[in-house]
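Asker: Line order of the protein sequences matches chains A and B. All letters in the first sequence, in the order written, are residues 1 to 334 by this note's numbering. All letters in the second sequence, in the order written, are residues 1 to 334 by this note's numbering.
Check each hint, because a few of them may be wrong.
[Said to hold, decoys possible] Covered by chain A, according to a simulated footprint, are these stretches of chain B (three or more residues, beta-carbon under 8 Å):
(1) 14-20
(2) 78-92
(3) 229-240
(4) 278-290
Read the hints as simulated data drawn from the structure, not as lab findings. Where a beta carbon is used, it is the ideal one built from N, C-alpha and C, also for glycine.
So you can see what is in the structure, the chains are spelled out below.
Number of protein chains: 2
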Amino acid sequence: MDATIQDVADRADVSVATVSRVLNGSDRVREATKEEVVKAARSLGYHPNETARNLRAQETRMVGVLLPNMHGEFFAQVTRGLDRKARASGHHLMVSNSHTQEDEAKAVIQSLLGRVDGLILLWPRLSHDFLDDLVPDSLPVVLLNTDRSGPRFETLAFDNHDGAYAAVEHLAEHGHERVALLTGGPQNYDARERRSGYRAAVADYGLDADPSLELEGDFTRESGRAAVEQIRSLTPRPTALFASNDSMALGVLRGLHEAGLEAPDDLAVVGFDDIPMAHYVAPSLTTVHAPMQELGERAMERLLALVQDDASPAHQTLHTRLVRRESCGCSPEP
Amino acid sequence: MDATIQDVADRADVSVATVSRVLNGSDRVREATKEEVVKAARSLGYHPNETARNLRAQETRMVGVLLPNMHGEFFAQVTRGLDRKARASGHHLMVSNSHTQEDEAKAVIQSLLGRVDGLILLWPRLSHDFLDDLVPDSLPVVLLNTDRSGPRFETLAFDNHDGAYAAVEHLAEHGHERVALLTGGPQNYDARERRSGYRAAVADYGLDADPSLELEGDFTRESGRAAVEQIRSLTPRPTALFASNDSMALGVLRGLHEAGLEAPDDLAVVGFDDIPMAHYVAPSLTTVHAPMQELGERAMERLLALVQDDASPAHQTLHTRLVRRESCGCSPEP
DNA sequence: ACCCCGCATGTAATCCTTTACATCACAGAA
DNA sequence: TTCTGTGATGTAAAGGATTACATGCGGGGT
Chain A
1 MDATIQDVAD RADVSVATVS RVLNGSDRVR EATKEEVVKA ARSLGYHPNE TARNLRAQET
61 RMVGVLLPNM HGEFFAQVTR GLDRKARASG HHLMVSNSHT QEDEAKAVIQ SLLGRVDGLI
121 LLWPRLSHDF LDDLVPDSLP VVLLNTDRSG PRFETLAFDN HDGAYAAVEH LAEHGHERVA
181 LLTGGPQNYD ARERRSGYRA AVADYGLDAD PSLELEGDFT RESGRAAVEQ IRSLTPRPTA
241 LFASNDSMAL GVLRGLHEAG LEAPDDLAVV GFDDIPMAHY VAPSLTTVHA PMQELGERAM
301 ERLLALVQDD ASPAHQTLHT RLVRRESCGC SPEP
Chain B
1 MDATIQDVAD RADVSVATVS RVLNGSDRVR EATKEEVVKA ARSLGYHPNE TARNLRAQET
61 RMVGVLLPNM HGEFFAQVTR GLDRKARASG HHLMVSNSHT QEDEAKAVIQ SLLGRVDGLI
121 LLWPRLSHDF LDDLVPDSLP VVLLNTDRSG PRFETLAFDN HDGAYAAVEH LAEHGHERVA
181 LLTGGPQNYD ARERRSGYRA AVADYGLDAD PSLELEGDFT RESGRAAVEQ IRSLTPRPTA
241 LFASNDSMAL GVLRGLHEAG LEAPDDLAVV GFDDIPMAHY VAPSLTTVHA PMQELGERAM
301 ERLLALVQDD ASPAHQTLHT RLVRRESCGC SPEP
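Go ahead and model the full structure; you've got the sequences and the hints to work with.
Answerer: As structure tokens, then:
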């Protein structure tokens, strides 16, 4: 058994209150006593039991984070932002990824419920009502990249519509008239918003509005790769493609390579997210930069404000911007 | 304030003991009482305070995980494995990534100390002694990809030496005689082991043992990209390269592309890790498969065994195997 | 008719820390 | 000398859940 504060008190021949005072606030305690206590604690290898502390303080300084199991790099970036901010204010992250089923996610949230001071959920197909009766009113929640309806939860999302619009606009400026879309599935919030940006740009620039140009993907690399087959079978063949995220765009580049084709000559490609890998493929990927790390940082900032009762739930949007590289036909930016 | 077990007991007109019994073991309790309690709990939106539970049970069912801030995809894979196993046995992950400084890591471990049942550290430059007096004896620890010396901590690592050997061997079989090495830095355990595998193969196959063929990298994509410059300035120029991880290998592919060169014709490239992206670049990357997710799963399994006192610290190695794709000059496996 | 046993439930100790309040000793003032 | 104020330290009550042990009630055996 680990040493308790009582053991330290005994060893230093003082009461537990004095030990606690020395170890925390260093209230007025006589210098000699202080030294005695510190010595005793060290010699016993004493570490305060955080659980008891948490129980007493009625806060855990822990934040629950729920992530979907896709999005390798995307996920890593967001987590980094979360962790940075959390640590800066002495909080810890309890992460849970790889939940696919709704009931599984439900179980995870349930099990997190009594242990965390707040919750950050990245869960693109979330329905609000569902959360409403799962989470107690007293628990602050920040939702990332999801529908911003309810007044109860804070939300934070990328400017998906404008980003997608800019991507398609750029392809139109390159002279493309048949621009395909690779979606991220009908359920996903980001995917729906990006599709609406695509459609708006198609309409505004008078591009070919053929519904068969909208191909269904699921945000995985593999679905991007598989889409190449479909694209080649379209007549007339599209000359450009907007993929709703970078993973799929990279899959498309791979698919093209396997078919002996190449971007941008055979198909101009633009992605969304600007994951680090977008730099490093050949040709490098033109994409819409989404500030993933900033998303994490802002989310944590806001959550901690909510926890400390310094704020009430709001709804923010993070701006995106197009990054021109090779896959659209530009020469890369410096 | 959230409802407590006492509130539920009052509402259901029973004692806290009965409530606890109903909510947990469902000991022998009269059916009618049970229903009454459940109803009361539901109507109050009661969730047990996990902190109190943890204090009483003397365990938190939480595991601390410390990761370096590099290795985007690598990290994600390992975490996935950890999470899977943890959740399967009702445990939670407290992760901390992006620690770079040693004292920062120290602080993180300190702050984790009273809150977790065990620790999993992925920390390639770790020195054992350092941990020895930081972590109390009673806390189980699993070290990943690090030096396997002490008897106190469990360790788990890839078979780096054999994997690297197989990679260089394969390049030799392709007929290459000047095979360069891109290292992961002198401090890093994985990097050192992989270098020793490279050297062994170079010796066994009578390849050019020129020390200037060993280039220093740091496991980042950028260092791979930068290495291309150096490789081109070597005389005679190496015809093949073994990069100590996939991130750097991908950087090399990118660097080649920028220089108007291409693998495998201008330089055959083999990596290490087999991150998912290795499939998806063009040309696809021949690499040594390291079972990252399995590493995570095994680590968690072992840690939980240690926590439950079902085991004593051991030292395991996970086998690696070469995956032939395009960047070495092979045609890809089916 | 009496006793005992078992089932359903209650009482209270315990986990470890923090902290409001109590106490004690001593110095300086009257 | 006695009283008071102050600084250092101790005592004990939370905080919320689990659980060993205690209690009380009713039915079955003799």
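Asker: Could you run down the list of hints and mark each one as holding or not?
Answerer: Results of checking the hints against the structure:
no.	hint	result
1	14-20	violated (count 0)
2	78-92	holds (count 7)
3	229-240	violated (count 0)
4	278-290	holds (count 6)
Of the numbered hints stated above, those contradicted by the structure are hints 1, 3, listed in ascending order.
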